[in-house]
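These protein sequences, in sequence, are chains A and B. First residue of the first sequence? That's 1 in this note's numbering, and the numbers climb one at a time after it. First residue of the second sequence? That's 1 in this note's numbering, and the numbers climb one at a time after it.
It is worth saying that the hints were derived from the structure and are not from the lab. Every value quoted in this text rests on a predicted model; they were computed, and no experiment measured them. Heads up, some of the hints might be wrong.
[What the hints assert, rightly or not] Straight-line C-alpha distance at most 30 Å; calculated BS3-like pairs for lysine-lysine:
no., chain 1, residue 1, chain 2, residue 2
1, B, LYS257, A, LYS55
2, B, LYS140, B, LYS257
3, B, LYS89, B, LYS241
4, B, LYS55, B, LYS136
5, B, LYS183, B, LYS55
6, B, LYS241, B, LYS227
7, A, LYS55, B, LYS55
8, A, LYS257, B, LYS55
9, B, LYS225, B, LYS183
[Claimed, not checked] Example chain B residues on the side facing chain A (calculated, C-beta under 8 Å, incomplete):
no., residue
10, THR157
11, ASN167
12, LEU168
13, THR169
14, ASP234
Ideal Cβ positions, reconstructed from N, Cα and C, are used throughout, including at glycine.
Spelled out from the first residue to the last, the chains are:
Protein chains: 2
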Amino acid sequence: MQQTSNLPIGVFDSGMGGLTVLSALHSSLPQENFIYLGDTARLPYGTKTRETVIKYAEQAASALVARGIKALVVACNTASGIALPALQKRFAPLPVYGVVEPGAIAAVHAASTQAIGTSVVVLATESTISSGAYQKAIIKLAPQIRIFGRACPLWVTLAEMGNRDANLTRDILAHDIRGFLQKGSCVFLLGCTHFPVFSQALTEISTTVSVVDSAATTAGVVAEKLKTLGLLTDNLLSDAKHGQTRYLATDGAARFKQVGGQFLKCALNEVELVDL
Amino acid sequence: MQQTSNLPIGVFDSGMGGLTVLSALHSSLPQENFIYLGDTARLPYGTKTRETVIKYAEQAASALVARGIKALVVACNTASGIALPALQKRFAPLPVYGVVEPGAIAAVHAASTQAIGTSVVVLATESTISSGAYQKAIIKLAPQIRIFGRACPLWVTLAEMGNRDANLTRDILAHDIRGFLQKGSCVFLLGCTHFPVFSQALTEISTTVSVVDSAATTAGVVAEKLKTLGLLTDNLLSDAKHGQTRYLATDGAARFKQVGGQFLKCALNEVELVDL
Chain A
1 MQQTSNLPIG VFDSGMGGLT VLSALHSSLP QENFIYLGDT ARLPYGTKTR
51 ETVIKYAEQA ASALVARGIK ALVVACNTAS GIALPALQKR FAPLPVYGVV
101 EPGAIAAVHA ASTQAIGTSV VVLATESTIS SGAYQKAIIK LAPQIRIFGR
151 ACPLWVTLAE MGNRDANLTR DILAHDIRGF LQKGSCVFLL GCTHFPVFSQ
201 ALTEISTTVS VVDSAATTAG VVAEKLKTLG LLTDNLLSDA KHGQTRYLAT
251 DGAARFKQVG GQFLKCALNE VELVDL
Chain B
1 MQQTSNLPIG VFDSGMGGLT VLSALHSSLP QENFIYLGDT ARLPYGTKTR
51 ETVIKYAEQA ASALVARGIK ALVVACNTAS GIALPALQKR FAPLPVYGVV
101 EPGAIAAVHA ASTQAIGTSV VVLATESTIS SGAYQKAIIK LAPQIRIFGR
151 ACPLWVTLAE MGNRDANLTR DILAHDIRGF LQKGSCVFLL GCTHFPVFSQ
201 ALTEISTTVS VVDSAATTAG VVAEKLKTLG LLTDNLLSDA KHGQTRYLAT
251 DGAARFKQVG GQFLKCALNE VELVDL
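Bound conformation, chain A alone:
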């Protein structure tokens, strides 16, 4: 029987956005194996109700658990903000990590290195903003920080389109953030794993804001916690080659493979179509 610590780490998102988190996990944990699931048939999650997000997140998690994983990373802000407690309870004792707390850590850290009075603007889907998950996580870490939330319902579709039209992208981004450009020093927290593809465009629109996302801090948190739990693969002990990643999607495997590289920042191998 395979040792638990040598099982892959499961990662899921509503689509391809979570590949930005997977990319950071690859950097932090190069020897680990991963299974990534994108629920592309039913994206976006961010416009759905709480009940439906929990149902879909449980189905995605079940599909990964059935394939054998040692930990689960919910690489979707909407699902992290809404479904994390339900997933942790249902799949206990499997360690289940989200991206909201790590994102809050990144934003508070960035704000602390800037002028006093710097505020944090959370850019996310409607469900994530209305769940208040980021606002709560930031207040817990730094109660003095001023926080704004901005729902950006078009950005997920825009990102999944492959961010293919720079003018259109810039128009929509500029429209959605313009209310915050006169508010003094601020940190834009990309509270959706799809949004890092817009980092450069955002800094072009406003050179005075800093942009952070949860990918790197999530990978750091996952690496540290798995180490504490003794769940890092034995491969770390040897100087083995990099781990393997399997990709699963609920629709559009060919498109996933083609567009996914933009999020992962390298080419994807085969994508398997699955039904949840």
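Keeping the supplied structure of chain A fixed, place chain B upon it in accordance with the hints.
Below, chain B alone, put in the same frame as chain A:
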């Protein structure tokens, strides 16, 4: 046992857009009862693959058939363009009508009343455009007409958001249609049932184009065919009060009731949540 002709007519769409067709059906067939299903949990359909659109359309149709209907109207261009033959085959002898042929009739008629050489621009989802369904239907009716197709992947989300920000809407619409504004006389065919909410904004952007959609022609075709089949309700014979409509949605019943009125052009009664 209830007479077939007194059963309701089933209507489905990926979300609320099909309510524009339902509104036209209410006008054409005021005595009929309807059941409308919006698959809001899984919209948009227009970015999904052919296989997934057929699967979801069959599930939506099955849910309506199980409730007892005398005919089915696929009030979704993506599902009409891709899944109509599959639905007609699977649910035979139930009459199943789509919106693509009626939309083509409306566009060809509008073009014929304008300058010679008027072209038709089909504005639709990615799946509808790439299915070529509208292009084929128009060529069949009027082989001389020049046809352009333009995929507008953000418009469904924009419409389901309740079209709440006029500036953003205008920016996105203008961006997507600007390539056609210099092409001389043209008819914009709204090849997605969500798009009629943008009719006014489109004519404001360009006063020289005419905008048509498939709602009224679909309702006309359905009324005529049901009459031929002897399937109109007995209520027509008496001077009965208007028929009843039941609303079903797969997610966000409260939002559906709230935003749906924009598409239906009148208030909705209760919306029941269903699982497909």
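Going through the hints against the structure:
A hinted pair counts as satisfied when its Cα atoms are at most 30 Å apart, and B/LYS257 with A/LYS55 qualifies at roughly 22 Å. Using a Cα cut-off of 30 Å, the hinted pair B/LYS140 and B/LYS257 is violated, with the two alpha carbons roughly 39 Å apart. As the CA atoms of B/LYS89 and B/LYS241 are separated by approximately 35 Å, the hinted pair breaks the 30 Å bound. Between B/LYS55 and B/LYS136 the alpha-carbon distance is near 23 Å, which keeps this suggested pair within the 30 Å criterion.
Restraint check for B/LYS183 and B/LYS55: the C-alpha separation of about 38 Å exceeds 30 Å, so the hint is violated. A distance of roughly 19 Å separates the Cα atoms of B/LYS241 and B/LYS227; the hinted pair therefore holds under the 30 Å criterion. For the suggested pair A/LYS55 and B/LYS55, the alpha carbons sit about 19 Å apart, so the restraint of at most 30 Å is met. As the CA atoms of A/LYS257 and B/LYS55 are separated by approximately 22 Å, the hinted pair is consistent with the 30 Å bound.
Between B/LYS225 and B/LYS183, the direct Cα distance comes to roughly 37 Å. Violation of the 30 Å bound is thereby established for this hinted pair. At a threshold of 8 Å, the smallest CB-CB gap from B/THR157 to chain A is about 5 Å, leaving the interface hint in force. Of the supplied interface hints, the one on B/ASN167 holds, with its beta-carbon coming within about 7 Å of a beta-carbon of chain A, less than 8 Å. Hint status for B/LEU168 relative to chain A: holds, with the closest Cβ pair at about 5 Å, below 8 Å.
For B/THR169, the shortest C-beta to C-beta distance to chain A is roughly 10 Å, which exceeds 8 Å, and the interface hint is violated. Proximity of B/ASP234 to chain A is violated relative to the hint, the smallest CB-CB distance being about 40 Å (cut-off 8 Å).
Comparing the model with each numbered hint stated earlier shows that hints 2, 3, 5, 9, 13 and 14 do not hold.
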